[in-house]
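Student: The residues making up each chain are set out below.
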Amino acid sequence: MRQFRSEYGLLIAIVAVLAVTTIFNSAYLTKPGQNAAEILRQTSLLGIFALGAAIVIISGGIDLSSGAVIAFSGSICAEIFLALSPLDVRGSPDPSQLGAGVILAGITGALVVGFLIGTLHAWLITAIGLPPFVATLASLVGLRSLAKVLNQTVTAALGSQSIKIYVYDKDFTRLGGLGDLYGIEVFGIELGAWLIPCSIFLLLSLGFWFLMNRTVVGRHLYAMGGNEQAARLSGIRTERLKWLAYCIGAMTASLAGVLYTAEVGSADPLTIGRGYELNAIAAAVVGGCGLQGGIGLIPGVMLGVLFLRVVIDSVAKLVGSGADDYEGIIVGFLVVLAVAFNELRQTSRGGKKFFPGALGYVAIVALALLAGSVGLVMSGGVAGAVAGVVSVIVLGAVKFIESRRGP
Amino acid sequence: MAHCKSFLAALLCSLPLVSLTCLGCHRAADSQALGHHDGPLENFRTGKAERGTGAASNSTEPKRLIMLTNGDDPFWDAMRAGMEDAEQDLKLTDAGLKVELDKNDNTPKGQIDKLTQYGNQTDIAAVAISSTDARSTQIADAMRALLQQGIEVVTIDSDVDRRAARDARFAYLGTDNIIGGRELGKAARALRPNGGNYAAFVGLKSAANAQERIQGFSEGAGEALQQLEYLGDEMDLSVAAKNVRDALDRNPKIDTLVGIWAYNAPAIASTVKERSIRAKTKVVVFDAHPGALLGMEEGLIDALVVQNPYEMGYQGVRLMKALVENDQATIAHLFPSWNATSGEFTRPDGDLRITGLKVVVPDENTPLKKDMFESSTEFLKLSDFKQWLAKYKLKGS
Numbered sequence: 326m327r328q329f330r331s332e333y334g335l336l337i338a339i340v341a342v343l344a345v346t347t348i349f350n351s352a353y354l355t356k357p358g359q360n361a362a363e364i365l366r367q368t369s370l371l372g373i374f375a376l377g378a379a380i381v382i383i384s385g386g387i388d389l390s391s392g393a394v395i396a397f398s399g400s401i402c403a404e405i406f407l408a409l410s411p412l413d414v415r416g417s418p419d420p421s422q423l424g425a426g427v428i429l430a431g432i433t434g435a436l437v438v439g440f441l442i443g444t445l446h447a448w449l450i451t452a453i454g455l456p457p458f459v460a461t462l463a464s465l466v467g468l469r470s471l472a473k474v475l476n477q478t479v480t481a482a483l484g485s486q487s488i489k490i491y492v493y494d495k496d497f498t499r500l501g502g503l504g505d506l507y508g509i510e511v512f513g514i515e516l517g518a519w520l521i522p523c524s525i526f527l528l529l530s531l532g533f534w535f536l537m538n539r540t541v542v543g544r545h546l547y548a549m550g551g552n553e554q555a556a557r558l559s560g561i562r563t564e565r566l567k568w569l570a571y572c573i574g575a576m577t578a579s580l581a582g583v584l585y586t587a588e589v590g591s592a593d594p595l596t597i598g599r600g601y602e603l604n605a606i607a608a609a610v611v612g613g614c615g616l617q618g619g620i621g622l623i624p625g626v627m628l629g630v631l632f633l634r635v636v637i638d639s640v641a642k643l644v645g646s647g648a649d650d651y652e653g654i655i656v657g658f659l660v661v662l663a664v665a666f667n668e669l670r671q672t673s674r675g676g677k678k679f680f681p682g683a684l685g686y687v688a689i690v691a692l693a694l695l696a697g698s699v700g701l702v703m704s705g706g707v708a709g710a711v712a713g714v715v716s717v718i719v720l721g722a723v724k725f726i727e728s729r730r731g732p
Numbered sequence: 229m230a231h232c233k234s235f236l237a238a239l240l241c242s243l244p245l246v247s248l249t250c251l252g253c254h255r256a257a258d259s260q261a262l263g264h265h266d267g268p269l270e271n272f273r274t275g276k277a278e279r280g281t282g283a284a285s286n287s288t289e290p291k292r293l294i295m296l297t298n299g300d301d302p303f304w305d306a307m308r309a310g311m312e313d314a315e316q317d318l319k320l321t322d323a324g325l326k327v328e329l330d331k332n333d334n335t336p337k338g339q340i341d342k343l344t345q346y347g348n349q350t351d352i353a354a355v356a357i358s359s360t361d362a363r364s365t366q367i368a369d370a371m372r373a374l375l376q377q378g379i380e381v382v383t384i385d386s387d388v389d390r391r392a393a394r395d396a397r398f399a400y401l402g403t404d405n406i407i408g409g410r411e412l413g414k415a416a417r418a419l420r421p422n423g424g425n426y427a428a429f430v431g432l433k434s435a436a437n438a439q440e441r442i443q444g445f446s447e448g449a450g451e452a453l454q455q456l457e458y459l460g461d462e463m464d465l466s467v468a469a470k471n472v473r474d475a476l477d478r479n480p481k482i483d484t485l486v487g488i489w490a491y492n493a494p495a496i497a498s499t500v501k502e503r504s505i506r507a508k509t510k511v512v513v514f515d516a517h518p519g520a521l522l523g524m525e526e527g528l529i530d531a532l533v534v535q536n537p538y539e540m541g542y543q544g545v546r547l548m549k550a551l552v553e554n555d556q557a558t559i560a561h562l563f564p565s566w567n568a569t570s571g572e573f574t575r576p577d578g579d580l581r582i583t584g585l586k587v588v589v590p591d592e593n594t595p596l597k598k599d600m601f602e603s604s605t606e607f608l609k610l611s612d613f614k615q616w617l618a619k620y621k622l623k624g625s
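So the sequence lines, in the order shown, correspond to chains Y and Z.
Using my numbering, you'd call the opening residue of the first sequence number 326 and step up by one each time.
Using my numbering, you'd call the opening residue of the second sequence number 229 and step up by one each time.
Chain Z with its partners taken away, still in its complex shape:
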């Protein structure tokens, strides 16, 4: 009997403990906190004055603008540099704001947990997320839950599924990955004018940017280039290198290697060097991972299609600050089709702001020429690109 009483006491005290200490006493505080942002979704779309009012001003503690990545990679260092420069240039401290870059563990659950945790905090004003899994309804739901609590949400670098979850964020800011993939495909086609066989490598096949890039690559490369392998490594660097070796072992006909995510480049370059197959293999990759720059210097890589994470970070902070402060002029400047009165974007895909692309080649002895690519895409030699990196004190992009 004594055991029974002790157990019941422990049982009653354990799980409901947290509820009892918090739930009963402060229900009013809860509703006040939520009530401050009544109907945020409506406000969000209409741009009415309630949006963001006081988010940064009513507390002595600075409110946080968070960039949540999908995983860890030097790619994000460039974005952090852009965020920190924006923090200085836009005088975020004076506005009662500060920026933070939070790195996810590559899993959808990691992002869901982090988004839920953000909602449970009081000092978060806005979140920009690079979605780990575009098709995850639970990530989209967690983003919607933040919106309902008055926390601004945008996507950067990798968007949600635009057919199903466009309402889960205000807008997307980053690369048009289909165009980016297409530029990479055009580079491969120019390097293999008579056609060939390629293997492509990526981290998470389920990520929106991965799906869009590989689709774009296929369009740009044309039918003469055949895909023999498309392998994902779940962001495990060891698997990334193994995938390249396995693909080459399985398919001796492969003559072109394609890196879809930043860290795939050094994995490809090291395997090409290790197997001494450079003479018969063309290599084109996305992004300028520090390892990719070294690979190009060593003559192992033919072309880089480089995004601009610095710009994503800078403009992302600018957008989050504008949303928090309800600065309609800046929002409209970033998204010209945004109509503050109606609270809608006036043209399809008006909620996408595309940051620039660069095609980087080793030197002038390349068959690639600027006129092969979109007019908006910059065309640079490696030496010029490294000067651009040095200007912003970056090691990669």
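Chain Y extracted, bound-state conformation:
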């Protein structure tokens, strides 16, 4: 039970956010099914590659390439579609009637590309000796550019040159979770296509939970994340484990790339998945994964993603137009809060000081200014001043109490 304490905390937090939003905005009561479906759809799309990012983090690594892999794999998928799609009357590829075989080929191609990218990362890290940060940073920078060039080359060979490839096939675009599910009804309720990404997310979660909690490989991944050298000395083949972890990270991002391409109906390497690598890491951290490795649970990651999406949706409801401007502030705040909460749980008995010496005074000023700024932009000058002053008083009191405890 204690192992799942942060997961239960997240569940309570999710319910609290839903309750507060419902009190101040009627949308959840008036359009409940629609809102639930949209939150779950968004949660699933983010969750699919957040799971991969979490496994890399648990194994003691980091993968900065998710967003670029999403863009690259989506482009590869669309290029395969173009290459295999039937021709229209003018002899140009017609991506509106692809057929199941072509869609399957596109998805398979994207996943194979993900596997190869993961392999490349593992090779750079284990054989060449690059730090994971640098190896995956290279992909982050390079893959979008490569996708852009490849898209232009493929489209030029098949018709008119373009960076963006449109995919109109309705069966494929359903994979993004928008629209209906072939008109299927259960108990008189029409099912939505949002069930597709949601089901994929749940299946992947179950699979990864089994891998991490019920297999030797999973235990070894935790062991390697906790102490790589000890794991190696114990006879664990860490190179192969890293290969597995980075392949999972890249392949889940590839799968997400296919689904995002389906969602927007086009593969655009310049815009799809921009900045998503940090969203995935944030979701994993909020879900309880420690960036030092060896810590984190799959249910926690699922709840972390759901929590982030619920909060973002709540802000959209409560702030209205321009709510996306606040998304970064909120996600940043939640990440710091989650990490600080975990840190506090682990060190609270050690009498740790949060505001030691001169650094503490400056940190209090910085935090008060931050609180004041957030108050200012969200509710005006008075709220900003109140938030700033209250922050100074509360944090100053903490500093005073700490200083009474002695060094």
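None of these hints come from the bench; they were simulated from the model.
Please read all numbers here as calculations on a predicted model, not as lab measurements.
Careful: at least some of the hints might be erroneous.
Result set (DSSO-like, lysine-lysine): computed pairs, CA atoms no more than 27 Å apart in a straight line [stated by the list, open to error]:
#1 Z:Lys470 with Y:Lys473
#2 Y:Lys473 with Z:Lys433
#3 Y:Lys495 with Z:Lys433
#4 Z:Lys433 with Z:Lys501
#5 Z:Lys470 with Z:Lys501
We have chain Y already, so just place chain Z on it with the hints.
Tutor: Leaving out everything else, chain Z in the frame of chain Y:
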């Protein structure tokens, strides 16, 4: 075993949590909300009394009329000014309405997410959208989904693909971008009567207004002016400036620079100044970005073809209010070919309301003359245009 139970508990509680808290209890409320607007598409076309009834009157909270942009640019400030003036003039508060301008992040996904979010809210009566990607079937589908929920949808500034998705909105209000592009092309041809080579710059090549303007420009410029470059910057201002430098580096023959979107103008002007190539380069641009006005004052730009985003904002609010209130007289005034009885536009392209164009030149020492352009296009000196801006307290248009 204990772990397994805990996991299953967490799993069962996590994803379906939102559904369980909402879905089961309030299905009836859902259907009521939708039922209020039964068959909106049909109503939309027929103009029957159900359209918009009570959209603004049954709640103490004002309903929102939203203008969703494709990205961020000073161009939208002029539109916001028009929207706010319309809000005052049309007494929207008394009608239980208010206006908002919502800026997209330049991506189709951003617009899809925002449109979906609008559909999930209860206080939105109408949406006007400048489509980021005319060919995106998913944006069009998201617009149709709003229509099905009884939210009025129109396009402003940049339309959907009219061959495939005309049904995704009631009408389009904005510039006829082909004519606008043509006017810009005519200006370039007059400045280069013996022909030349041009490079054109734009934000998103996929946007309908970009495609129409560049097509119009080509028609207006004629065959003597050859296109050597046409570059998109994905609305990245840094790339916009780099594109101009790259095009000039690659093609020393370029003697005419063309800005298709508002912010391309300052990017072009700054490069022309930086490289000291003004004497051999003609510059024509769309819109009156504040940087373009400065550029023209400094003698770096020869002609501006200016849209009227203020008018788009003003008339857009007027149209959205009329649709929400089912005010057939105002709809017919804005779109004379609209037949309220049949619910159809009686002539082709009757669903397009074209806002005006202005050609702005630095002063009278220009080879450009009013009779070179369409009779409906205003022809102004920079000083006169700045007086017009001051009248509406605008810094650009």
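Student: Run every hint past the structure and note whether it holds.
Tutor: Taking the hints in turn, this is what the structure says about them:
no.: 1; hint: Z:Lys470 with Y:Lys473; in the structure: 18 Å, holds
no.: 2; hint: Y:Lys473 with Z:Lys433; in the structure: 14 Å, holds
no.: 3; hint: Y:Lys495 with Z:Lys433; in the structure: 24 Å, holds
no.: 4; hint: Z:Lys433 with Z:Lys501; in the structure: 26 Å, holds
no.: 5; hint: Z:Lys470 with Z:Lys501; in the structure: 14 Å, holds
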